[in-house]
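Trainee: Here is how the chains run, residue by residue.
2 protein chains.
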Amino acid sequence: MSKKLTLRTEDYSAWYNELVVKADLAENSGVRGCMVIKPYGYAIWEKMQAELDKMFKETGHTNAYFPLFVPKSMFEAEEKNAEGFAKECAIVTHYRLKTDETKPGKLIVDPNAKLEEELIVRPTSEAIIWSTYKGWVQSYRDLPLLINQWANVVRWEMRTRLFLRTAEFLWQEGHTAHATKQEALDETVQMMNVYADFAENFMAIPVVKGVKTETERFAGADETFCIEALMQDGKALQAGTSHFLGQNFAKAFDVKFANAEGKQEHVWGTSWGVSTRLMGALVMTHSDDNGLVLPPNLAPIQVVIVPIFKTDEELERISAVANDLVAQFKKLNISVKFDNRTTQKPGFKFAEWELKGVPVRIAIGPKDLENGTFEVARRDTLSKEVKPAEGIVSYIQDLLEQIQNDLFQRALDYRNAHITKVETFEEFKDVLENKTGFISAHWDGTPETEEKIKELTKATIRCIPLDSVEEEGKCVFTGKASTKRVLFAKAY
Amino acid sequence: MSKKLTLRTEDYSAWYNELVVKADLAENSGVRGCMVIKPYGYAIWEKMQAELDKMFKETGHTNAYFPLFVPKSMFEAEEKNAEGFAKECAIVTHYRLKTDETKPGKLIVDPNAKLEEELIVRPTSEAIIWSTYKGWVQSYRDLPLLINQWANVVRWEMRTRLFLRTAEFLWQEGHTAHATKQEALDETVQMMNVYADFAENFMAIPVVKGVKTETERFAGADETFCIEALMQDGKALQAGTSHFLGQNFAKAFDVKFANAEGKQEHVWGTSWGVSTRLMGALVMTHSDDNGLVLPPNLAPIQVVIVPIFKTDEELERISAVANDLVAQFKKLNISVKFDNRTTQKPGFKFAEWELKGVPVRIAIGPKDLENGTFEVARRDTLSKEVKPAEGIVSYIQDLLEQIQNDLFQRALDYRNAHITKVETFEEFKDVLENKTGFISAHWDGTPETEEKIKELTKATIRCIPLDSVEEEGKCVFTGKASTKRVLFAKAY
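Protein chains in written order, with UniProt numbering: chain A, 1 to 492; chain B, 1 to 492.
Some hints here could point you the wrong way.
[Claimed, not checked] Sample of chain A residues at the chain B side, in silico, Cβ under 8 Å: (1) Lys38; (2) Ala43; (3) Glu46; (4) Gln49; (5) Glu79; (6) Glu88; (7) His418.
[Claimed, not checked] Far from chain B, by Cβ distances over 12 Å, these chain A residues were calculated: (8) Asp53; (9) Asn63; (10) Pro366.
In case anyone wonders, no lab produced these hints; they're calculated from the structure.
Cβ coordinates follow ideal geometry from the N, Cα and C atoms, glycine included.
Could you put together the complete structure from these sequences and hints?
Mentor: If you want it as structure tokens, here you go:
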């Protein structure tokens, strides 16, 4: 298989699909719409998980685990939520296969093993979790419940793409229960901020914090907060959502508590999640035509050392130096690989580690041994320089931090350059067609206008940014009065 | 809800069920056979996961993720495996619900959304993984594949019990592929040893390492290695298995590689797993009539500090001392909780932390402040002593290690005292009825005898221990010649 990718300018979508497979992140499986996350891709996901898990625990949350299946009657209890997910869910109807009498070695569904009630494979867990919370909450002393779950969920998407939209995906879903509306709202905002912090400071992905319109809101929520990122092709990607559920699920599942005065009240809820979709955001924020570019925080291998040698004796001398470097990096918790394969040439190795996004490459040849130098290459800028061996380890340590910061700054500059204020629908369409990116425009606040604009341009309202200032304006489509700009974009 | 448990001598099974719920480990859900793992129980499982994951990575394995669903045609490819799991699997047949026209707010399965091919919810992942490995292996250079997955699986058990037997459970499943039979066999044995090391040195659960008989072997394996533990009620519990799959799955899924001479050969495989069942083993190895007893390695809270006070002023003075202790423990990575609730009395707190198995309790009252002492209580022995404040932290650090060791030694003594050699079937039945535990007996090696003994006594062959010595003997049931003793027991 060639390691070369289609150029982004030629076909961004082909570039993405090829990169995900060739960089060993994921591949399509023999199961419609379901992906295999390969070891290298999963190692990146594990780093995301570890950091998020730490952030959740630091904000007082604990993990738990709830069932994969939701009985149909439980699923339909919160009507809006059920309606939102009913059209794309996997349904278990039987619990046994039996031998096909007509075809030896083949199995068929046993018609005598039909379930009394169908089970929905969870597309999200509000129903099963709130039906459990009913048993956990009696008094205000039992609140808040601050629980997170790492799990797989299934949404029967018809058109799937690796990481971005798959029938099964991995995610975390936080589900909290509170005594007051304000506390639940605070939690919702807090978790949006945790996600923004994670995206920007750990993944180096700049995001806009905002609120969804009613149309784009989570089914069953009173308000959905989100973080929105901008991909290199000018399309937006929703990177995380945090929902204020009001008392909707508490009412659907009859979850009440006795307040300090002994009066029964319904509980207030939130839910929030990010998923393996973030892997797609990662790829489309930083990578280039040579392959993956990884922020050092997320790189399973942060530094690769490649020996340049002709003879065994040369390799031996280089190895002594390399192994010493490896030991020094490990002490600093910098993950490092000495690629001393003798079956591959340096050029092959350079291309392979570039494709896989290793942030820093050190090459060592006989000349370097003589001169006391190393060749240091940055993956993000594809630049090379020769550095003295003296102080190399602390230089690389600083460089990794520099790369992390530079990647964020570069993405931020790109994103900021792709937020365009428009006043007319002509401008609106022009930006969409030529410049792409986010469009900051006035909107009359009606779902009808939102729908009409979507029909005409495929652009949707990504969010009402939290930092949107009050200003007098006119809806870009209807010309009706508006007091705030919202962000439109085509989106993944 | 009363915190008191049924006594073990009265009804061991009721004691177990009550303990699991009251100690906040897990509870039954609204979904038949599926459990909710509660935050406290999940925190223990996370400690197991972290340690196992470290051990897997130290032995060269990486994590990946494969689909939840297995198409029926893929599921049936390895016939023995399919036959073994066909009778207890959840089957997805439809992908959409629709509104029930006759009942507003209700949903029904949309008959127009029937899948072309049914999907089996994975009961184990050999089929989906080997169908993937086919694409990953061409040459001997691609081998070995050393991959692990943390996942949920579903087996449609009719009689379920929390942790021990649930329709859905969490586990890890390792799936490796090798160029030679010997390498695959070595891997199988290595992972059995990793499990034994983990069970004994981390969970303080002594285990017997052995091989399963053909009858008890994993469906699709050529050989199953296992670790078997003994519970307090004299019943055995299979705590982990490691399977040598031969070339069975490679042949079923046509996974071949070119060896160094360029000749095509089928790949050799292994798979190995432990599950949330280990939570059940943990409870039934160490706990007592007062509740859970946790080895310090697995305790989410290792030390609890309970203030004994009458006035706010007393609490304040005690808190100053307690907070200082907390800071010191945290520096040593000892997890500690200062239970300064004013809504509960010390006696209530003592009972609660006993129920939850916190290994060490420190009580501090005004007298202690005067005398410069603490009352230190061990959960495992229920013993108390007054210790000087001087050096308390390093004393507790040593004590935690002592408790970990003592728990293992106590369980080992019990287990060793419950391995009984018998020569006759009368003795065999007598041990089962009165002494219980493992029975070491000669067996003629036939599945028929094994089956007959099971019918008559409900005891099965747990394993042929690896350390079983060659000796001349006669089958305890048929009197036929035998050269090795095997271990029988009633089992969970």
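Trainee: Next, verify each hint and record whether it holds.
Mentor: Now the hints, each set against the structure:
no. : hint   : result
1   : Lys38  : holds, 6 Å
2   : Ala43  : holds, 7 Å
3   : Glu46  : holds, 7 Å
4   : Gln49  : violated, 10 Å
5   : Glu79  : holds, 6 Å
6   : Glu88  : holds, 7 Å
7   : His418 : violated, 33 Å
8   : Asp53  : violated, 9 Å
9   : Asn63  : violated, 5 Å
10  : Pro366 : holds, 28 Å
Hints 4, 7, 8 and 9 from the list above are not met by this structure, while the remaining hints are.
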